[in-house]
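Undergrad: Once you have looked at the hints, place chain B on chain A.
Those protein sequence lines, which keep their order, are chains A and B. Position one of the first sequence corresponds to residue 334 (the working numbering), numbered consecutively onward. Position one of the second sequence corresponds to residue 1373 (the working numbering), numbered consecutively onward.
FYI, nobody ran anything at the bench for these hints, they're computed from the structure. Possibly wrong hints are sitting among the right ones.
[Stated by the list, open to error] Counterexamples of contact, computed for chain A against chain B with all Cβ distances above 12 Å:
no., residue
1, E342
2, A399
3, L422
4, N441
5, M445
[To be verified] List of simulated lysine-lysine pairs, DSS-like, C-alpha gap at most 30 Å:
no., chain 1, residue 1, chain 2, residue 2
6, B, K1485, B, K1440
7, A, K404, B, K1440
8, B, K1446, A, K404
In this text, a Cβ means the ideal position worked out from N, Cα and C, and glycines have one as well.
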Amino acid sequence: MSAENDDEELSAYLDGELDAAARERLAERLRTEPALAERLERLTSASAAFRAHGREPEPLGLAARALAEAKPAPSPRGWRYAFVGFALLIFVLGGVALKKFMPTLFNNVQQMITGAASQMGSGGK
Amino acid sequence: MSAIEAEELVRRYTALVFNLALRLCGNRADAEDLAQQSLIRAIQALPRFRGEADPGVWLYRITVNAWKNSLRAKSARPVLRFFGLEEKEVLSEPDLPGPDPTPERLAEAGEAKARLDRALEALSPEERAVLVLRELDGRSYAEIAEALDLPLGTVKSRLARARAELAVRLGVEENDDVR
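Isolated chain A (complex conformation) (with noise of 0.2 Å):
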């Protein structure tokens, strides 16, 4: 096997992504090879200086200036509820426009949808 397939399997075998088979090879091998298991050593070496040394802290503010940055978009429903309320404006306005600029149309509408209303409350009886 070669160096870089052994360390693969030694990287692997580290994190414990090996499964039960290849790491009971693997432990056979580490048992009987001492250069394989000084190999080893130097992975594990190199993982605990990453994570003793290689964190840096985060820049003072970032958290707080992402959060207030970010407006959160407008969920689906939030777009719903906005477009009913914008055509119920829109419905009223032109209803207070219309019998303000054309008040016969606004009677003769009105009659129509009293009318209307009053055959369906006589046809439900």
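TA: Just chain B now, kept in the frame of chain A:
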């Protein structure tokens, strides 16, 4: 409602996202921009995140994609400059210590840390990213593969190569110190 709140996401992952960004970019200024941009994107996308993936893996993936996009944008810049469409940019110097760091830097960061930083320069950004996710966040190979959009075998080989290279570099420096 999303699977995790924005405040919780940021509290748990800001430091790790910054460390991932730092090892991808190689300097603190770019890393800060990348980390902030990634966190903002993630917070804005939270209403659509329903917890199908681990939030950390999801956020790392956003970070890596943003980094890849920034690389593509940088590679397109010479063409834009040629046509006079973009002003020349002053490239920032890497913050990772060079081969001859100042005594102040050594004193500040510590000899072991400075030695590790020099050794890390021999690795590719992707190898350093694999190291961050494995060593600093304890992610499994499957999670790293998902976060970095790599095959599982590539994660295994990159992690092994990164550790082997670090071991050689750290060993070589120790030997240099002895001489």
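Undergrad: Are all C-beta atoms of chain B more than 12 Å from that of A/A399?
TA: violated (4 Å)
Undergrad: Can we confirm that no CB of chain B comes within 12 Å of the CB of A/L422?
TA: holds (25 Å)
Undergrad: When you look at the beta carbon of A/E342, is every beta carbon of chain B farther off than 12 Å?
TA: violated (8 Å)
Undergrad: For B/K1485 and B/K1440, compute the direct alpha-carbon distance and say whether it is at most 30 Å.
TA: holds (28 Å)
Undergrad: Grab the minimum beta-carbon distance between A/N441 and chain B and tell me whether it stays above 12 Å.
TA: holds (46 Å)
Undergrad: Test the statement that A/M445 is away from the interface with chain B: the closest C-beta pair must be farther apart than 12 Å.
TA: holds (43 Å)
Undergrad: Does B/K1440 sit within 30 Å of A/K404, going by the straight-line distance between their CA atoms?
TA: This hinted pair holds, its Cα atoms lying about 24 Å apart.
Undergrad: Is the hinted pair B/K1446 and A/K404 satisfied, with a Cα-Cα distance of at most 30 Å?
TA: holds (27 Å)
Hint compliance for this structure: hints 1 and 2 are not met, and every other hint is.
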